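There are 2 protein chains.
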Amino acid sequence: MKNYKFQNATKIIFGRGMEKCVGEEILPYGKKVLFHHYGDEFILNSKIYRTVQESMKNVNLEIFELTGVQPNPVLSKVKEGIEICKKEKIDFILALGGGSVIDSAKAIGLGATYDGDVWDHYTKKHVIQTSLPVGVVLTIPATGSESSAGSVITNEKNHIKLLGSNGHSRPVFAIMNPEITYTVPYFSMAVGGVDMMSHVMERYFTNETCVELTDRLCEATLRTIIHNLPRTLKNPMDYAARSEIVFAGNLAHNGLLDCGRVPDWACHFISHILGGFTNLSHGATLSILTPHWMDYVYRSNIEKFAQFAVRVWNEEYNPSDKEETALAGIRCLRNFWKELGVPMTLSEAGVELSEGQMKEIATIVTEDGPVGNLQKLYKEDVFKILKASA
Amino acid sequence: MKNYKFQNATKIIFGRGMEKCVGEEILPYGKKVLFHHYGDEFILNSKIYRTVQESMKNVNLEIFELTGVQPNPVLSKVKEGIEICKKEKIDFILALGGGSVIDSAKAIGLGATYDGDVWDHYTKKHVIQTSLPVGVVLTIPATGSESSAGSVITNEKNHIKLLGSNGHSRPVFAIMNPEITYTVPYFSMAVGGVDMMSHVMERYFTNETCVELTDRLCEATLRTIIHNLPRTLKNPMDYAARSEIVFAGNLAHNGLLDCGRVPDWACHFISHILGGFTNLSHGATLSILTPHWMDYVYRSNIEKFAQFAVRVWNEEYNPSDKEETALAGIRCLRNFWKELGVPMTLSEAGVELSEGQMKEIATIVTEDGPVGNLQKLYKEDVFKILKASA
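These protein sequence lines map, in sequence, to chains A and B.
All you need for this note's numbering is the position in the first sequence, starting with 1, plus 1.
All you need for this note's numbering is the position in the second sequence, starting with 1, plus 1.
Keep in mind that the hints were calculated from the coordinates and are not lab data.
Bear in mind the structure is a predicted one, so any value in this text is a computation, not a measurement.
It is possible that some hints are incorrect.
Same chains, same label: a pair holds when it works inside one copy or across any pair of copies.
[Unchecked claim] Simulated pairs of lysine-lysine, DSSO-like, Cα-Cα distance not exceeding 30 Å: (1) 12 / 125; (2) 377 / 58; (3) 323 / 80; (4) 48 / 3; (5) 32 / 162; (6) 3 / 235; (7) 388 / 48; (8) 360 / 6; (9) 3 / 58; (10) 80 / 380; (11) 21 / 125; (12) 360 / 32; (13) 126 / 385; (14) 6 / 48; (15) 12 / 360; (16) 21 / 3; (17) 388 / 305; (18) 235 / 6; (19) 235 / 385.
Just need the whole structure built from these sequences, with the hints factored in.
Right, dumping it as structure tokens:
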């Protein structure tokens, strides 16, 4: 186990009707609120939108709405928000939405306290060490952004999508009512579940030893998702199953599962670039890439993959052929995702990439050096994984 | 799953040598530090004491030492600390120790910001909503007080031991270096492990349904303790095993395992009063009481006890005789603790209580109504459990 520091101060407010307290939760931070959301018809006509509005009005908050967030949130919208914050002396940013809205709100929060260009934070030219407080009412469980430190923003001028991470970006509260997620479409829930599982597996597959507690916490989270995700897809109004998924999605990425470990993140790195090339959703790139990444790297830590098979998928451990056990786990993951109906290859997702494009992606992924930790992946490795994923 | 709110902002600083940063961690809160610890020869001659002192001096903190904490921290010492804080305008309280020192520091932190009597907070006459910031360098893993909201203080005038709980009491940081715990004596480590397991089991044994994720997190924590506690006892300098135990002891009581559940706490309630009568250590009262409590209540939720047997102890589930499975789990717990050498009955701990004393304890335990949630325990029930524990 490695030395670690962990702090996550986000207040989790979980359950039916909890969104009604949003105004009261904001009040200690000030009066002027930037209310950030998609702003499409679906949101504007929704009960959750009205409830959140009313809750804020009940405590006399002054609301400035900023709508029009895109699925991959863009820098221009972030700058629009920063301008409003500075001009109107905004005290608090409320994000009503999923990962995109939350990430956009986080970026606005950072930029509102900084005199320079907020993009500096994402290019690491200048790490901004302050933020306006951000609160979240979560509508789509998947990214874990509601209590994570990171945000991913796309600079639409050069099509570069970058992650900025900063403890100051963790939302001060996250309201999660599983009922609000009942209307999330099947495919979004399915690939959201893939993203959650990936967040856990990126931490789980480590060569770091003596990480028993966090291994077991990862396994607990994965088993819970595996048990409940199909139930939420079959019956979207199964409150119990939704609760487990919403809770697990948060735990998957709140930082606890990182403690003392060296995470991998190769699949996420490749996913971000692949997503930029194909416009595939983040979860879909992960369902395509992850099993092919596993096929490619499992030999570098067969024991860990065998543990995955036994403890997560109830496969029997074969001490005389650990590789057989390891492969059984990968097969289980593949079968599980196949049954959900998420794409397992690029062609299943209707995407065809030329070898030249694959090489280009592999070049961008590895331009700052190899990615991944379980096994370091160089350009050629990333290319091979992409080719296998075709 | 019940609605819940959860927030734990304590910064966990974990690993070898991390105590060296204590001065830097305190600095943002101010210059004047109340340094609270046992102050016995063992501490004063220890490396950790010198390291902490040096780290604070290196950043020019002004140190006021308050020593002489007792194993059940007392109100008079707390008041002594409050007086120093008020007189010297202390900015920060640093606790170097285990649960007793930390609880004493928390009480001082609360009282230092309150004009009235700090005991009001423990009697619930007035809940203090502020605290001086408290930091911790942990020397004994057991109580989880290093990031919990609670503190237990004994008023030595009337021998009443009360729990006060308050989010403001959570330490702002907790430094946990497993190496510092190498010198904790065998018995303290063993009953400390019992306390950790009890913290998990008090949450685990609930009638609340649809709590899959937290069930699995509880099981993960228990399995980790069960695997590593005997290793730390056999080889006190096994860093890997110590790390798991220190980490698990924190997770057991940081509040995450409570989320969405109704905890029981009957054993802890009885333990506090029994401890006051007998001077047995907290962990020893729990090792005596818990299996007898289980014998008494398991029929009220046989499924849960069967799950405990299967998932925590690898017992086989017998669908045609669930009670057999449930009993197997209780037997496993008993055997595990017996092998550690902790007392399993009052007589094993050298304590003899008359029936009159048992009735008196049962009366005090239930004076505000029945205790426990898995099964509500009235005076007669508590008496019977005590009698079985003789």
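Q.
As a check of your reading, is residue 235 near residue 6 (CA-CA no more than 30 Å) within one copy, between copies, both or neither?
A. Between. Shortest inter-copy distance 28 Å satisfies the 30 Å Cα cut-off; intra-copy 40 Å does not.
Q. Is it within a copy, between copies, both, or neither that the alpha carbon of residue 235 lies no farther than 30 Å from that of residue 385?
A. neither (36 Å within a copy, 48 Å between copies)
Q.
At most 30 Å between CA atoms: does that hold for residue 80 and residue 380 within a copy, between copies, both, or neither?
A. neither (34 Å within a copy, 65 Å between copies)
Q: Indicate which option fits the pair residue 388, residue 305 if close means a Cα-Cα distance not exceeding 30 Å: within, between, both or neither.
A: Within. Shortest intra-copy distance 25 Å satisfies the 30 Å Cα cut-off; inter-copy 48 Å does not.
Q | residue 32 and residue 162: within-copy, between-copy, both or neither at 30 Å Cα | A | neither (33 Å within a copy, 43 Å between copies)
Q.
Reference check for the pair residue 388 and residue 48, CA-CA at most 30 Å: within, between, both, or neither?
A. Answer is neither: 45 Å inside a copy and 57 Å across each miss the 30 Å cutoff.
Q.
Cα distance capped at 30 Å. Does residue 3 pair with residue 235 within a copy, between copies, both, or neither?
A. For residue 3 and residue 235, only the inter-copy Cα distance (23 Å) is at most 30 Å; the intra-copy one is 41 Å.
**Q.** Status of residue 80 relative to residue 323 across identical chains (alpha carbons, at most 30 Å)
**A.** Classified as neither: same-chain Cα gap 53 Å, cross-chain 61 Å, threshold 30 Å.
Q) Is it within a copy, between copies, both, or neither that the alpha carbon of residue 12 lies no farther than 30 Å from that of residue 125? A) For residue 12 and residue 125, both the intra-copy (28 Å) and inter-copy (25 Å) Cα distances are at most 30 Å.
Q.
When Cα atoms must be at most 30 Å apart, do residue 12 and residue 360 count as within-copy, between-copy, both, or neither?
A. Neither way: residue 12 and residue 360 sit 43 Å apart in one copy and 43 Å across, limit 30 Å.
Q.
Within a copy, between copies, both or neither: which one fits residue 126 and residue 385 at a CA-CA cutoff of 30 Å?
A. Neither: 32 Å inside a copy, 68 Å across copies.
Q: Could you figure out if residue 48 and residue 3 sit no more than 30 Å apart (CA to CA) within one copy, between two copies, both or neither?
A: Intra 46 Å, inter 22 Å, cutoff 30 Å: inter-copy only.
The earlier numbered hints that this structure contradicts are 2, 3, 5, 7, 8, 10, 12, 13, 15 and 19.
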